[in-house]
Every structure is written in structure tokens, then in C-alpha cells.
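Chains as they are written, first to last, in my numbering: chain A, 2 to 591; chain B, 2 to 343.
Don't read these hints as lab results, they were simulated from the structure.
Any given hint might turn out to be false.
To be verified - List time: in silico SDA-like cross-link candidates among lysine to any residue, alpha-carbon distance up to 20 Å:
#  : chain 1 : residue 1 : chain 2 : residue 2
1  : B       : K254      : A       : M102
2  : B       : K235      : A       : P107
3  : B       : K141      : A       : R54
4  : B       : K141      : A       : P57
5  : B       : K254      : A       : H122
6  : B       : K235      : A       : M102
7  : B       : K254      : A       : F155
8  : B       : K254      : A       : G159
9  : B       : K235      : A       : G159
10 : B       : K254      : A       : I55
11 : B       : K235      : A       : P269
12 : B       : K143      : A       : L56
13 : B       : K141      : A       : H109
14 : B       : K235      : A       : H122
15 : A       : K17       : B       : T144
16 : B       : K254      : A       : H109
17 : B       : K143      : A       : I55
18 : B       : K235      : A       : L56
19 : B       : K300      : B       : L38
20 : B       : K141      : A       : F155
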Amino acid sequence: MTPLLSVENLSVGFGKDEAIVRDVNFSLNPGETLALVGESGSGKTVTCRAILRILPRNAQIRSGTITLHRDGQSLNLTSLGERQLRDVRGNQVSMIFQEPMRSLSPLHRIGNQVSEVLWLHRDASESNAKRQVLDTFERVGFPDPERAYRSYPFELSGGMRQRAMIAMAMVAKPDLLIADEPTTALDVTTQAQVLGLIKDLQRETGMGLILVTHDLGVVANTAEQVVVMHRGRVMESGPAEPLLRSPAHPYTKQLFNAAPSIPAEAKPAPPLQEDDLILQMKGVSKTYSMRSGSAWRSDTLIHACRGIDLNLPRGKTLAIVGESGSGKTTAARIALGAEAPDPGGQVLFRPDPNGAPITVHDMTRAQRTAFQRAAQMVFQDPYSSLSPRMRVLDALTEPLEIHGIGTRSERRERAAAMLQQVGLSGDMLQRYPHAFSGGQRQRLSIARAMMLNPSLIVCDEPTSALDVSVQEQILTLLEDIRDRMNLSYLFISHDLAVVARIADEVAVMRQGLVVEQAPPGTLFYNPKHPYTKALIAAQPTPDIDRPIDLRLVALGAGSPESWPDAFRFSQTVVPSLTELEPGHKVRCHV
Amino acid sequence: MLILRYAIYRFATMLLTLLVVSVMVFVIINLPPGDYLSNQIAELRASGQDAGVAKAEFLRKEYALDRQLWEQYMIWVGFMPGPNGFAGLVQGNFGWSFEFDRPVSEIVGESLWLTVLVNLAAVLFVYMVALPLGVLAAAKSKTWVDYTSAFVGYLGLATPNFLLALILFYYGHKYFDLPIGGLMDPAYEGQPMGWDKARSILIHLIVPTFVIGTSGASAMMQRLRANMLDELGKPYVETAIAKGMSPSRMLTKYPLRVAFNPFVADIGNLLPAMVSGSVLVSVVLGLQTIGPTLLTALKTQDQFLSAFVLMFVALLTLMGTMISDVLLVLLDPRIRYAGRDA
Chain A
2 MTPLLSVENL
12 SVGFGKDEAI
22 VRDVNFSLNP
32 GETLALVGES
42 GSGKTVTCRA
52 ILRILPRNAQ
62 IRSGTITLHR
72 DGQSLNLTSL
82 GERQLRDVRG
92 NQVSMIFQEP
102 MRSLSPLHRI
112 GNQVSEVLWL
122 HRDASESNAK
132 RQVLDTFERV
142 GFPDPERAYR
152 SYPFELSGGM
162 RQRAMIAMAM
172 VAKPDLLIAD
182 EPTTALDVTT
192 QAQVLGLIKD
202 LQRETGMGLI
212 LVTHDLGVVA
222 NTAEQVVVMH
232 RGRVMESGPA
242 EPLLRSPAHP
252 YTKQLFNAAP
262 SIPAEAKPAP
272 PLQEDDLILQ
282 MKGVSKTYSM
292 RSGSAWRSDT
302 LIHACRGIDL
312 NLPRGKTLAI
322 VGESGSGKTT
332 AARIALGAEA
342 PDPGGQVLFR
352 PDPNGAPITV
362 HDMTRAQRTA
372 FQRAAQMVFQ
382 DPYSSLSPRM
392 RVLDALTEPL
402 EIHGIGTRSE
412 RRERAAAMLQ
422 QVGLSGDMLQ
432 RYPHAFSGGQ
442 RQRLSIARAM
452 MLNPSLIVCD
462 EPTSALDVSV
472 QEQILTLLED
482 IRDRMNLSYL
492 FISHDLAVVA
502 RIADEVAVMR
512 QGLVVEQAPP
522 GTLFYNPKHP
532 YTKALIAAQP
542 TPDIDRPIDL
552 RLVALGAGSP
562 ESWPDAFRFS
572 QTVVPSLTEL
582 EPGHKVRCHV
Chain B
2 MLILRYAIYR
12 FATMLLTLLV
22 VSVMVFVIIN
32 LPPGDYLSNQ
42 IAELRASGQD
52 AGVAKAEFLR
62 KEYALDRQLW
72 EQYMIWVGFM
82 PGPNGFAGLV
92 QGNFGWSFEF
102 DRPVSEIVGE
112 SLWLTVLVNL
122 AAVLFVYMVA
132 LPLGVLAAAK
142 SKTWVDYTSA
152 FVGYLGLATP
162 NFLLALILFY
172 YGHKYFDLPI
182 GGLMDPAYEG
192 QPMGWDKARS
202 ILIHLIVPTF
212 VIGTSGASAM
222 MQRLRANMLD
232 ELGKPYVETA
242 IAKGMSPSRM
252 LTKYPLRVAF
262 NPFVADIGNL
272 LPAMVSGSVL
282 VSVVLGLQTI
292 GPTLLTALKT
302 QDQFLSAFVL
312 MFVALLTLMG
322 TMISDVLLVL
332 LDPRIRYAGR
342 DA
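Whole structure, please, built from the sequences with the hints as guidance.
This is the structure:
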């Protein structure tokens, strides 16, 4: 069989520098899915963009050929003229990008942007194009295609925007679809649904698919062929099943070991001892009102958190898991005192086991200073949470200066010691953050949080901006310092697999409510709530025998009104969180 | 429908702002001690010309300058009957210029429209030059096209307007036989508008438009280039290329639309900047615009004249911002939908 696309000896470089993609070879048969796997900097994105020659201006294809075979003809994409290449783009080969938020023009209606493909390649009339686009919209799962046609991108959710992107890529019925991290920016249940949609469409149309991803779980769920890349070279390639079952290359093995996953066979865990609580949230709610912008309509109330009761025992990790908009970050911000809960809610902090608790939102000045020393935060994005104009030394010693601790040289020594604690070297103090990689920066953030010797650290998605192997290292580091210094973590995450590893207790949130809460073992062994089940089912695992169960995802990921009677809740009627077995609470009507 | 409502709302706020501006203008003009007439009376007394004093006293009464400041204001705007009944701005009576001893409307008369004309021509020139050049410079960034346009642009920014005016004057006259100075052939001054007069004005407009517009155009070009470069790095540009669009169509449909917003928003700022910025140019080129008049009026505390000119500039600014706001709402759905639930 002639392959649909073959890439031979591809090398791509920027300017005069050494090539960043070297000698890449692969081929793809019609109707097949090829996964291009690698971490950031592996050259996977550059490789996939080289196919359509959508590269940054200073990048050139140094050598190699990319051939597209179609109807017995072969097109050499590397030597094709710009005008002919334009006929291929969007027509025979189309692309989907990572960020659906930014990949659509904010100023043009969705319908216009999608129809454009047909205007360009099919000379379709406006009404003709619209009919085809509406069909495609219906196929990709827009409940109201007419309305979507008229919408602007900012009126749609992330998942819907990515569906619009898919519609745009599919509307001209291409032979090959290149998807560059199509689901990375999406919530896990949305990711499962979008992946399912792409697979369905592929089955229907028989197109080839190149899926660029960093997530081995996604690979295991979609690919027939796998190409593993690292630093611009192919490490290992071949059919998915044997490669995933027994990776041969050490780098692939390393990727596998680093990939977090929900344990295949979880065992119920004993409930957590709750005698020495460092942090206690009692009946915490938070309501924001959104201005309606008109004097005639009343403001809309948004319940970010509703009646949250959480206990964090000293030295343990409590994880809050949920999708974007579930209220997990609001809960963390309230816990830190960055935001006040609605009246009636209370957050208690016990600095030492026998001391009296402090009410976080009603502190004296001295208590506040002490609390700020004892509770610290590690943020999600290590690139924007460090000032680019401050040396590492200044960033680390600033908290000590603010609290007036130590002399200059003492602070300096402490900063150097802390760098070693987080696995960096003490002589890096004079550098600026830009000299560090993402993982190293997150180490710096952790070091900064540790400078004041805190007892509680709130980690807000500390690894979600990092590569899997780096994520693994950071998680190990966090566990390590927690056990060494008896820290307690409030750990915010959207990723059940990460949480499975680090948490002692997991609270699953949806629409401001904790829907299920248990130690991770119990939760994965015996999930009760449909939403938890959906989250677990949607989590892609690198294990080829555990595919995503889309049926379970569809059951639980919808709106709470679609849940089975026992779990259903509305704005007014909310079932209470019931302890079904020791240490396992589920929000349901008993 | 939504836009009509917004336009009406914007117009109402504009009127309100204009009212506030009128208060401020009036107060500020009256801040320095004394006024034109009391200065004149003191001068006349000192030199013993009592006949003049009588006339000045008469004017003081006639224009209510002997009353409380707030009463003066109300009469000036026309909210309150003065010595001659309601006769203020609202009624179309702009007051009396003591310096020129003529009604303000007579002095300002034609130059008002010439000011608007010159500045509109300059604004058009700015957009017509800056738009294509800025887009071109961004699309071909770091090539000779970019460098050349940047060089010319910086030259335009760095050359003082009046110097440019003198240079253009000289060479324009020498090689293209362009007329020197003024906004029309002296023969047409004070004549009713006709075909020949319009033609004369158009030819006279060439040099001033160029002079007043050049620095604005080069500044705008550079900003448009920077904005475009920002937009060109955004993922939606990649999406458009991946669709198979040609570069020119892609550039104008997507990034230009987004990069264009600040320039629409600029219309409001451009107008007053040009009116006040072109005073010197008007003096050098002998343009009969309102700039030089304002200068004289402010120097001599000729209060009704200067207040009127300031109000006129404020009106231009407010109209400019109103136009740009309404245009923005038309152009950008994000602004249009901001008040509505997403």
C-alpha cells in the first residue's frame, strides 16, 4: 500500500544555528493515526508544521522530502511553489492547533471563519458553503448549528471552540489532519470527548491523522503508529501496541515511568486521622455578583464555592480536584486569606499542635504577620510568577527582608542553602529567572515559598505547565520536602493522576460544591459519584488496555441536572455530603 | 438597534461633557486677575482719555462683566437673560471680541471652517499614508522595505513642522509652482464660495496637509507596524495560513482588523493635537485658521474670543472621540457584546 504521507530525512533549523529537527523519517497510511510524542523542545511541533511549511520566518527546511500521495499522484510538499502549497493547505491537509481560545480570530463570526475554507478551495457560494458548514457543525456536536454559525469565538466555551476548529479543519474533507496538541488546553472530560470525536470523524472519512502530543495517555487511546522524539531526533518509532507494551528505547521507558496514572488496582485506604488539624474550612461559601450592565436587569450571582468543609491534618496533603470553573482556586485563595468568604464561613489555622486556632479572616496585625510567614503559595506558571528583573538572590531574600529576618549575609546563606534543598546549586544566586528552564523555575518558586520556614503551602496546579518528566521530578521534590520538614499541602489540581500520587485525601469539586471526598485509594477503588467516575474514566492512561470509557464520561460530565436522581442538584436543592463509609463522603440523597 | 441606542447614549454624554468643559473653560479664563476691559479702563484713566472710559464702561455693562462670575457664565452660555435678554452660545451668539472690537462670530467666521478643512485633510492624509506603509513594514519586517519606511518615518518625526513648512514652501514653489502661503488666492478672500475659490483652496491645501500630517503619519505608521507584528505572532494568523489563504488577503482580513482598533480610537486625539500643534505652522504658512487667533486672544485676555475658540476645540475633540467610540463598537464585537451576558 502506498503511504498517504511520507517524511524522509527531514531536517529543520533556525537561522544559522544547528538544526533542531534532524533526520526525521516516518510514513503514514491512509486512515491511520500517527502520534508524534515528545516533551517541549523535542521538535515535534516544528516537524508537524514543516509538513505544511507553516514555520517561523527564520526557520528553513534544510534537507529531506515530504511527499503527499493522493489519487496515484505524489506531491512533493517541500519543493512545491507557494501558490500550489496554498491549494493543499486546508484542502487536502488541514491543521488544528493547541489553543482554541487564540486560534480563532476574535473579531469574525465562527461561521465566517469556517466557511472561508470552502470559499477558498471550492469556490462555494455563500449559501452553499453555509449549508455544508451547518452539516459539519451538527456532526461535530454543536447543539444549535445555526446559532454557532452566528457566534463569535468568545461566546463559546473552550471545548466548543475546539469543536469549531475541528469543523474548520474537516469541512473540506481533507486526506490528512494534523492536530497539534489539540486537547492540551482542555479539561480532562472535554479532552476525552474531543478525542472521541476526532476518532469518529476519522472512521467516517478515512482520513489520516497526525497527532502531536506530550501525553502518552492520549497516545495509547488514539494511535496506531507512534514516533517518539527527543531533542530533534526520533528515538523510537513503530506500531503503537508493541511500542507501548514494551518500549525499547531508554528515553521512551523514562517517559513511561514519569507519566502519572491512576492506579489500575486501587485498594481502599483507611480514613485520615483528624486529631491535629492545621487548617480547617467550615461552611465556606463565596458568591460573586456579575454586573448585568443594564439597570433593568438584576446582577447575576455566581456561586464559586458553596458550603465547603475541609480539614487538613498536619503533615498531610489535601488535594482539591476539579475542572476550570469548579471553584477550586477560589477555595484555595480563601484558605490563604487572599479573599474573604461569605458571612458564616470560617477558616481556622493552628500554627502549632497545642496552640489556639487563629481565625484567618479575623486576625490582629501580629497574627496576620505570623500567618503570612507560616502559609505560603506556589503558583501554576513558573514563567510569570517570578519577576524577570530580579535576580534569584533578590527574589529569595525578599520575604526575609519584608519580615525583617536575619542580616544580609544570613539571608544570603539561607537562600544558597534553600537552592540546594530544591536541587539547584548555590552559585546560581546571581542569575536572572530567564536563565532557568521551566522545571528549574518551579524549583525556584518552591524555594521562595520555603524561605520563611512555613508550615502550610498552597500549591495551585504547580506542575500543569511542565513536561511529564519534569513534573515527576517536581512532585518528588514536593513529597520529599513535605516529609523532611513536616509541611502540610493544600494541593489544587485538575489532574487526578497527579493527585493519585501525592495526596492523602482528595476532594472532588464541581460547580462550587465538593461532590465526593475520600483518600485517593478509596476514591479510585470505589468511586460513587457519577462525576468522579467521569473524571476517572476520562483520564487517559498510557496503558493500552485501559482505554477511555466515553460512556462513563458522558454520564457524569454533563450538567448536574443530567445525573441520576440520587445525585442531582439544582440552584436551590442540593443534597448533602454524606459519609457512606468511614472516610468516604459523597454528595447524594440517601 | 443596539448601536443606535449606544450612539444616542454617547451623544448625551458628549453634551454633558461639553457642559462641564464650558464651566472649566470659563473659570480658567477668568482666573488671572482683571479682565480685558478693566485693564483697558485702568490704562485709559492713566493716560486721561475719559471718552474711551465711557465706552469701556458701556461694554462692561453690555456684557455683564460687572456681575458675579456665575451670572456671567450663565449669561455667556445663554441659560440666563443678560442685559439684552437671552443671548449666549446656545442661542448662537458668541460674544464680542474687545481686542478686535468686532463680534466673535465675524472674526472667527470663515477660519472656523478652514480649520476643520485643513485638519480633516491632515487626518485623512495620516490614515492614507500610515495604513499601507505600516502594514507593509510589518509584513516585510526586517527587510529593506521595513528599514526604508522606518528611516523616512523617523525623518518625518524628527523634522520640526515649521522647518518642513519652509522647505516645502521653497521647493514647492520652485518646481511645482505651488502657491506660497494662505489658504486661497487673496482675490477670493471674503468672496462667496464658488468653483474657482474651491479650486484655489484645494491647491493651497497641499503643502499644509503634508506639513501638519507628516509627523502624525510617521508616528502612526510605527505604532501600526508594532501592533501588526504583535498580531502576526498570534495563533489565529497561523490558522488562517493553514486554511490556505493568500498572504495579502490574510493580512487585511485578520491581523489588520485587530491591530486597527487603536487607530480608530485615535481619531479623537488626533483632532485637538493637530489644531493646537498647527498653530506655529499656521503662523509660518500664513493660514487663516483659528490657531493664530487663539494665540492672540489668550495673550490679551480677550475672554469671549478665547473661550469660544477653546470651546470649539473641545467640541472637535468630543466629536472625534464620539465618532471613534461608535466606530469601535461597530468594528469590534467584543466591545459590542461586553454589556451582554456571554
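Here's how the hints hold up against the structure:
At roughly 19 Å between alpha-carbon atoms, B/K254 and A/M102 fall within 20 Å of each other, so this suggested pair holds. The straight-line distance between the Cα atoms of B/K235 and A/P107 is roughly 11 Å, inside the 20 Å bound, and the hint therefore holds. Between the alpha carbons of B/K141 and A/R54 the distance comes to roughly 18 Å, so the proposed pair stays at or under 20 Å and holds. Our distance criterion of 20 Å between C-alpha atoms is met by B/K141 and A/P57, whose separation comes to about 14 Å.
For the given pair, B/K254 sits about 17 Å from A/H122 by alpha-carbon distance, which is consistent with the 20 Å threshold. A C-alpha spacing of about 11 Å is found between B/K235 and A/M102, which places the hinted pair at or below 20 Å, so the restraint holds. Only pairs whose Cα atoms come within 20 Å are accepted, and B/K254 paired with A/F155 is accepted, the gap being roughly 18 Å. Proximity of B/K254 to A/G159 is assessed by CA-CA distance (about 24 Å); at most 20 Å being required, the pair is judged violated.
The hinted pair formed by B/K235 and A/G159 meets the criterion: a straight-line CA distance of about 17 Å does not exceed 20 Å. Simply put, B/K254 and A/I55 have alpha-carbon atoms about 19 Å apart, close enough for the 20 Å limit, and the pair holds. Restraint check: the Cα-Cα separation between B/K235 and A/P269 comes to about 48 Å, which exceeds 20 Å; the hinted pair is violated. As the CA atoms of B/K143 and A/L56 are separated by approximately 17 Å, the hinted pair is consistent with the 20 Å bound.
In summary, the hint linking B/K141 to A/H109 is not supported, as the alpha carbons are separated by about 25 Å, beyond the 20 Å threshold. Between the alpha carbons of B/K235 and A/H122 the distance comes to roughly 24 Å, so the proposed pair goes past 20 Å and is violated. For the suggested pair A/K17 and B/T144, the alpha carbons sit about 18 Å apart, so the restraint of at most 20 Å is met. At most 20 Å may separate the alpha-carbon atoms for a hinted pair to count; B/K254 and A/H109 meet this at roughly 9 Å.
As the CA atoms of B/K143 and A/I55 are separated by approximately 19 Å, the hinted pair is consistent with the 20 Å bound. The suggested pairing of B/K235 with A/L56 holds, with an alpha-carbon distance near 13 Å, which does not exceed 20 Å. Between the alpha carbons of B/K300 and B/L38 the distance comes to roughly 14 Å, so the proposed pair stays at or under 20 Å and holds. Proposed proximity of B/K141 and A/F155 is contradicted: the alpha carbons are some 31 Å apart, above 20 Å.
Hints 8, 11, 13, 14, 20 from the list above are not met by this structure, while the remaining hints are.
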